[in-house]
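Same order as they appear, the protein sequences are chains X and Y.
The first sequence begins at 1 in this note's numbering and counts up by one.
The second sequence begins at 91 in this note's numbering and counts up by one.
It is worth saying that the hints were derived from the structure and are not from the lab.
Careful: at least some of the hints might be erroneous.
In silico lysine-lysine, DSS-like type, Cα no more than 27 Å apart, as pairs [stated by the list, open to error]:
1) Y:K385 <-> X:K53
2) Y:K349 <-> X:K53
3) Y:K388 <-> Y:K332
4) X:K40 <-> Y:K208
5) X:K62 <-> Y:K318
6) X:K53 <-> Y:K322
7) X:K46 <-> Y:K416
8) X:K46 <-> Y:K131
9) Y:K206 <-> X:K40
10) Y:K416 <-> Y:K206
11) Y:K385 <-> X:K46
12) Y:K162 <-> Y:K187
13) X:K69 <-> Y:K310
14) Y:K385 <-> Y:K448
15) Y:K332 <-> Y:K318
Below, a sample of chain X positions facing chain Y; criterion: calculated Cβ distance under 8 Å [to be verified]:
16) T8
17) T41
18) K43
19) K46
20) L49
21) A56
22) S60
Cβ atoms here follow ideal geometry from the backbone N, Cα and C, with glycine treated the same way.
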Amino acid sequence: MKNIFLRTIGIIMTGLVVLNLFVMISGIIISDEINNFEQKTDKLHKINLSLEKEVASLNSLKFAEEQAKEFNFTNSSAPQYIDQLKYAQR
Amino acid sequence: MKIKFIFLLFIAFYLAIIVRLFFLQVIYSPANKGAYLKTNKLYPIRGRIYDQKNQSLVLNQNSYQLYIEPKKVDDKDKLLHLLSESLEVEEASISAKLDMSKYWVAIAGGLTQEQKDKIDKLNLKGTGFDYQTKRFYPEASLSAHVIGFLGKNDQAEDVGHLGLEGFYDRDLRGLPGFVETERDILGRPILIGIQQRVEAENGRDLILTIDKNVQEISKKRLLEGLDKYQAKKGCVITADPKTMAILALVCLPDYDLEKYYLFNENFYKNLAISDLYEPGSVFKPLIVAAALEEKKIKPNDTYNETGQVAVGEYNIKTWNDKYEGKISITRILEKSSNVGMVYIGEKLGNKNIYNYLKKYGFGQNTGIDLEGESSGYLKPANNWYSIDYSTVTFGQGIAITPIQMIRAFASIINGGYLMKPYLVQKIVSDNKVTEIKPKIERRILSQMTSDIIKKMLVSTVENAEAKWDRPKGFAIGGKTGTAQVPIKGIYDASKTIASFIGFAPAAEPKFLTFVVLYEPKSSQWGSETAAPLFFEIAKDLIVYYGISPSQ
Chain X
1 MKNIFLRTIG
11 IIMTGLVVLN
21 LFVMISGIII
31 SDEINNFEQK
41 TDKLHKINLS
51 LEKEVASLNS
61 LKFAEEQAKE
71 FNFTNSSAPQ
81 YIDQLKYAQR
Chain Y
91 MKIKFIFLLF
101 IAFYLAIIVR
111 LFFLQVIYSP
121 ANKGAYLKTN
131 KLYPIRGRIY
141 DQKNQSLVLN
151 QNSYQLYIEP
161 KKVDDKDKLL
171 HLLSESLEVE
181 EASISAKLDM
191 SKYWVAIAGG
201 LTQEQKDKID
211 KLNLKGTGFD
221 YQTKRFYPEA
231 SLSAHVIGFL
241 GKNDQAEDVG
251 HLGLEGFYDR
261 DLRGLPGFVE
271 TERDILGRPI
281 LIGIQQRVEA
291 ENGRDLILTI
301 DKNVQEISKK
311 RLLEGLDKYQ
321 AKKGCVITAD
331 PKTMAILALV
341 CLPDYDLEKY
351 YLFNENFYKN
361 LAISDLYEPG
371 SVFKPLIVAA
381 ALEEKKIKPN
391 DTYNETGQVA
401 VGEYNIKTWN
411 DKYEGKISIT
421 RILEKSSNVG
431 MVYIGEKLGN
441 KNIYNYLKKY
451 GFGQNTGIDL
461 EGESSGYLKP
471 ANNWYSIDYS
481 TVTFGQGIAI
491 TPIQMIRAFA
501 SIINGGYLMK
511 PYLVQKIVSD
521 NKVTEIKPKI
531 ERRILSQMTS
541 DIIKKMLVST
551 VENAEAKWDR
561 PKGFAIGGKT
571 GTAQVPIKGI
581 YDASKTIASF
591 IGFAPAAEPK
601 FLTFVVLYEP
611 KSSQWGSETA
621 APLFFEIAKD
631 LIVYYGISPS
641 Q
């Protein structure tokens, strides 16, 4: 009877130690994941700001003006057809 | 014996643990708290600012602050040399900041990702970076005075100054949060330990009534105008006259928002809301409208303009000292007759003049949502002399701001409603959109008076003494103004403030634009400087809004 009791206690203790180890290792793995996610979130936040900046720059009047100058839009589209429609109809 | 030995071994083992825990939790606790209990402030992202079409005017960008821990530095000279090359600043200026007796010294803020990466590659011992954000202006200084800038307070915290940054600082700033976690020696969170996180509440975004295209047109034209008419400074304000939603507000000279600290504080002043000046003849329609409303004059009335008018010891004359005999009320506006206005003022009466000045909102803040507004000055009624009542009818002897002028003018062409001018139409937070509706302060004039004065103002443009290059086929109303500048109580004839206020299309005005040029040298007259500049802007706006010709 005593032997059965001691064995049961031994098995429970061993089980608890294994469970403890499992919980500890799982905790470390999850902590690592949390750490990684925190870093990724920070990185994404920074990338997001950079992309927002880039989009706004490409959408700005400043950029449009630079592009218009580069492609010579202002010089080659003199608006003379408004007064002299015959040119537009040719 | 063996059992006793094992028992003592366990006791010793537990004692060692207790002593270690005592050291960790009691003796080193306060000093080492940060090693396992990590509390970080979570900084909110400052609100962004967009124009009426959701085009960005102000965003945030990544930025880094370079710091040095002097106690960890091995070779100071090498460090200074390499940092000087990377940051493109003199070694001496870095050296001046680097106090070797300190543990931590900030060296340079506002560094870009590229600059940080460049310094990182140098592997300099004792250097590090703190992450920050800073403002980014995709349209550069297109709306400098409207936006204001982000500076620092005594505690080195970001604080908005002037313009929208100043007025909406509390909305834009947001609320900081914090995160408190127990961490192991490798910095990983301990799951069964303290985990507390209060998220930061990001600043609210502002959606403006400003249209960046109208702003660009106004700024470009004003810049050309200042150059062409050799004016000292100038402003252009464009608003929707029905609501007083500001579509563009530009004053020059302005300043670089990114490098605001390089500019003298005189450049920060937004002339449109804080500069007091005497408006001159652009003021006349306000008095004519008041007299029509009070039925003291009728549109078809005539005035016999025979010559100068004496008021007390002063003689009032027309701008060119020429007189046309019998003229209509409309003609008084067309030829901008000062003596005609004195007649209308007398008809209206001193008490009514003063009451209408108050009704139009002079001497009071307009309540525009920009920091730095001045209320102007309307002296108490008992301090007014009879000459004051005469000169105010043609806009001299009263100090107002350009925003007060355009607001009062809007009221005479929008059916008589004095509106509160505003620049922000929506405030957007993470979970809520607050719309700001146009606000009627009071009704001053009837629809009939408003319709009559609009017709008179169209006629004023069409039959003015000066002939302008106007867009053909469009009914445009407006009035010129040339005000003398008082210097130490005496008017200097050579220095004027030239202005023009106009609207189009006359039937249903889409825009009301006020142009003010300070001390133009090419000509002192509003009709030869501000008016042509207005018509240049009007031409662009007519094309931009796709307004069809009506005549």
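Now for the hints, and whether the structure bears them out:
{"no.": "1", "hint": "Y:K385 <-> X:K53", "verdict": "violated, 58 Å"}
{"no.": "2", "hint": "Y:K349 <-> X:K53", "verdict": "holds, 18 Å"}
{"no.": "3", "hint": "Y:K388 <-> Y:K332", "verdict": "holds, 25 Å"}
{"no.": "4", "hint": "X:K40 <-> Y:K208", "verdict": "holds, 22 Å"}
{"no.": "5", "hint": "X:K62 <-> Y:K318", "verdict": "holds, 23 Å"}
{"no.": "6", "hint": "X:K53 <-> Y:K322", "verdict": "violated, 35 Å"}
{"no.": "7", "hint": "X:K46 <-> Y:K416", "verdict": "violated, 73 Å"}
{"no.": "8", "hint": "X:K46 <-> Y:K131", "verdict": "holds, 17 Å"}
{"no.": "9", "hint": "Y:K206 <-> X:K40", "verdict": "holds, 19 Å"}
{"no.": "10", "hint": "Y:K416 <-> Y:K206", "verdict": "violated, 77 Å"}
{"no.": "11", "hint": "Y:K385 <-> X:K46", "verdict": "violated, 66 Å"}
{"no.": "12", "hint": "Y:K162 <-> Y:K187", "verdict": "holds, 16 Å"}
{"no.": "13", "hint": "X:K69 <-> Y:K310", "verdict": "holds, 16 Å"}
{"no.": "14", "hint": "Y:K385 <-> Y:K448", "verdict": "holds, 19 Å"}
{"no.": "15", "hint": "Y:K332 <-> Y:K318", "verdict": "violated, 32 Å"}
{"no.": "16", "hint": "T8", "verdict": "violated, 23 Å"}
{"no.": "17", "hint": "T41", "verdict": "violated, 11 Å"}
{"no.": "18", "hint": "K43", "verdict": "violated, 11 Å"}
{"no.": "19", "hint": "K46", "verdict": "holds, 5 Å"}
{"no.": "20", "hint": "L49", "verdict": "holds, 5 Å"}
{"no.": "21", "hint": "A56", "verdict": "holds, 4 Å"}
{"no.": "22", "hint": "S60", "verdict": "holds, 4 Å"}
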